[in-house]
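S.K.: Okay, here's what each chain looks like letter by letter:
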Amino acid sequence: MTQHYNLPDERGHFGPYGGKFVAETLMGPIQELEEAYLRYMQDPEFLTELDADLQHYVGRPSPLYHAERWSRHLGGAQLYLKREDLNHTGAHKVNNTIGQALLAKRMGKTRIIAETGAGQHGVATATVAARLGLECVVYMGAVDVARQSLNVYRMKLLGAKVVAVESGSKTLKDALNEALRDWVTNVDNTFYIIGTVAGPHPYPAMVRDFQTVIGREAKEQCLTMTGRLPDALVACVGGGSNAIGLFYPFIDDASVKMYGVEAAGDGVETGRHSAPLCAGRPGVLHGNRTYLIEDDDGEIIETHSISAGLDYPGVGPEHAWLKDSGRAEYVNITDDEALKGFHDLTEMEGIIPALESSHAIAYTTKLAPTMPKDSIIIINLSGRGDKDIMTLAQREGIEL
Amino acid sequence: MSRLAAKFDELSKSGRKALIPFLTAGDPHPNFTVPMMHAMVEAGVDIIELGVPFSDPMADGPVIQKASERALAHKMSLRKVLNIVAEFRRKDDQTPVVLMGYLNPIEAMGYEDFANAAQRVEIDGVLTVDLPPEEADFCVSLLKERGIDPVFLLAPNSNEERIRKMDAAGSGYIYYVSLKGVTGAGHLNTADVEERLKLIRANTRLPIGIGFGVKDAETAKTVAHLGDGVVVGSALISKIEANLDNPEQACSEIVDLLKAMRAAMDE
Ligand SMILES: Cc1ncc(COP(=O)(O)O)c(C=O)c1O
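Protein sequence lines correspond, in order, to chains A and B.
Count the first sequence with our numbering and you get residues 1 to 400, in order.
Count the second sequence with our numbering and you get residues 401 to 667, in order.
Because the hints were derived from the structure by calculation, they are not lab data.
Please read all numbers here as calculations on a predicted model, not as lab measurements.
Glycine included, every Cβ here is placed at the ideal spot set by N, Cα and C.
Treat the hints loosely; a few may be bogus.
As the list claims (entries may be wrong) - Here are the computed distance ranges between Cβ atoms for each label pair: (1) A:51 x B:589: 39 to 49 Å; (2) B:414 x A:42: 52 to 62 Å; (3) A:326 x B:511: 23 to 33 Å; (4) B:547 x A:6: 32 to 42 Å; (5) B:591 x A:135: 22 to 32 Å; (6) B:546 x A:326: 29 to 39 Å; (7) A:10 x B:544: 25 to 35 Å; (8) A:266 x B:534: 38 to 48 Å; (9) A:389 x B:541: 49 to 59 Å; (10) A:270 x B:479: 23 to 33 Å; (11) A:42 x B:605: 38 to 48 Å; (12) B:511 x A:132: 38 to 48 Å.
To be verified - The calculated lysine-lysine pairs, modelled on DSS-like cross-linking and capped at a C-alpha distance of 30 Å, are: (13) B:621 x B:413; (14) A:105 x A:156; (15) A:340 x A:219; (16) B:491 x B:659; (17) B:475 x A:170; (18) B:615 x A:170; (19) A:366 x A:323; (20) A:340 x A:170; (21) B:598 x B:615; (22) B:639 x A:170; (23) A:170 x B:480; (24) B:621 x B:598.
Bound-form chain A, shown alone (with noise of 0.2 Å):
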């Protein structure tokens, strides 16, 4: 890559991915919040604001952690650990969840609305609110609510009212049309912050701007401890914000080569997958086009995956644009492999890793021994496991 990666356009289109797909009473907001977005990312006192927040409510810079034992074990590639679990509330999602909720006061929006799937999203959305004094509402699948009732507990303690999403599959995708029906409905005083780089623009880039913390953090980490740029990097992407968090800030480095690890559930080849990238094809969801899992009729079709944070049937569209052209590589990993990743980690350094995050820790493991030792992979830890727990216990017959 000689030239400099300069997407979206000012359509915010990744190639022919993005765009704003909405109905007509959304274009006036979100292009309100590009504006407010367009003008506050160039703005001193907003940017010396957000630092001050990530850096002393989230807990940044997050720690760049050489897995020593790990890497020896596998016997190939230096592996490093970008240690986004230890943010405050447990993942990276806090870190747009920041930046989304400076820029709803900027604009004197006094009510915040969130979809969520985990409820990592939903968590991180609802301690932002609860810390600036804003109404929260957060939207979930019912199915989600059943399954991730701990994650529903803290929202509430939070403050936040959390809807349990009846319509569809009753998972994060009908969380997020429910979530667009509000909006919709409450445009003048609500402030949709959406928990992935997917949604209509400016959302893919606004969210990718205030992850790409990772990215920088990492980088400059990378150099003070080894004294030159990561061979490969490697996460897990779900809707992908954790993923172009990391990547983003080396996208001009062309030697750097990115892998971003898909839900592959029972196996691609089951069908019962949350893989868009590997096995989906391009379509118009949620307000943008990308890769969807959808059946011959552009039906969206359910998703599976053991980690909920996965399971979406689209993806953001920078990712699509990076798989088109080749810049990034996008692979996927099982459930069976994942859990294996998670008590790797978990065994070996002492990590409880988040589900999403075992993917690439997954993936990793066959990566590293095809490497040599003197190289080096950043993977993108993306949340801590907790949360995880029960699911796990559950899965292996354990009762607790």
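Following the hints, complete the assembly by docking chain B with the ligand onto the known chain A.
M.R.: Positioned in the frame of chain A, the structure of chain B with the ligand alone reads:
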């Protein structure tokens, strides 16, 4: 002149307003739709908006969401909706039919295949909720080349610049969504609509259909005075929902409501 333009022309000459019912194709059963469309025409409607069911109807309220789910449970699809229109056309080559739905089924079928098929079964207009004019160039020209009108939505918060965009990109008519919200929500505020219509009229000469929140003959009459057409959807679909075990009853209740609206609008 397109069938839609001719229809609005004819109505305006006789001083009447268009009654435009919305029906989700395939709800509650694929066999229900064609006879229902004919019955609607007999009840005095002018244009039919036929909903293409989609798995993720983001702009619809619970009534039309459930209609979509019922139709999809019977494996309804865009291709089958096109077949439904073909069947309707065997007995009715007069009444304009506008497809209303979301972009992804069209994207999945392929824009050119869709436009060709729509022309073949004599569809008159296509309204895609999540396709604003900014993204629509390609689709609009494919449709216009085939004599099909692209119909766009305007909302209460659309500014003058956007009204002109719809005017440039759209044809047939413009659908004014009378309130901020999803289909089937609340009641429209007549004074607000009247105010907005002034701004819209100043920026387009296309006929204006007004929808969202039209529930009874009374509202239909009021709205008819403001625009050129009245769109009624959820109020009709509710009749289907209330009579799932008795589709004939649903059909006759829909016909009664439409007749009452027609009479009130023509008073
Ligand atoms: C820990 C963690 N990692 C990853 C994800 C997936 O989201 P994204 O692909 O946007 O990073 C989630 C989503 O809930 C998550 O909680």
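S.K.: Of the numbered hints stated earlier in the document, which are not met by this structure?
M.R.: none
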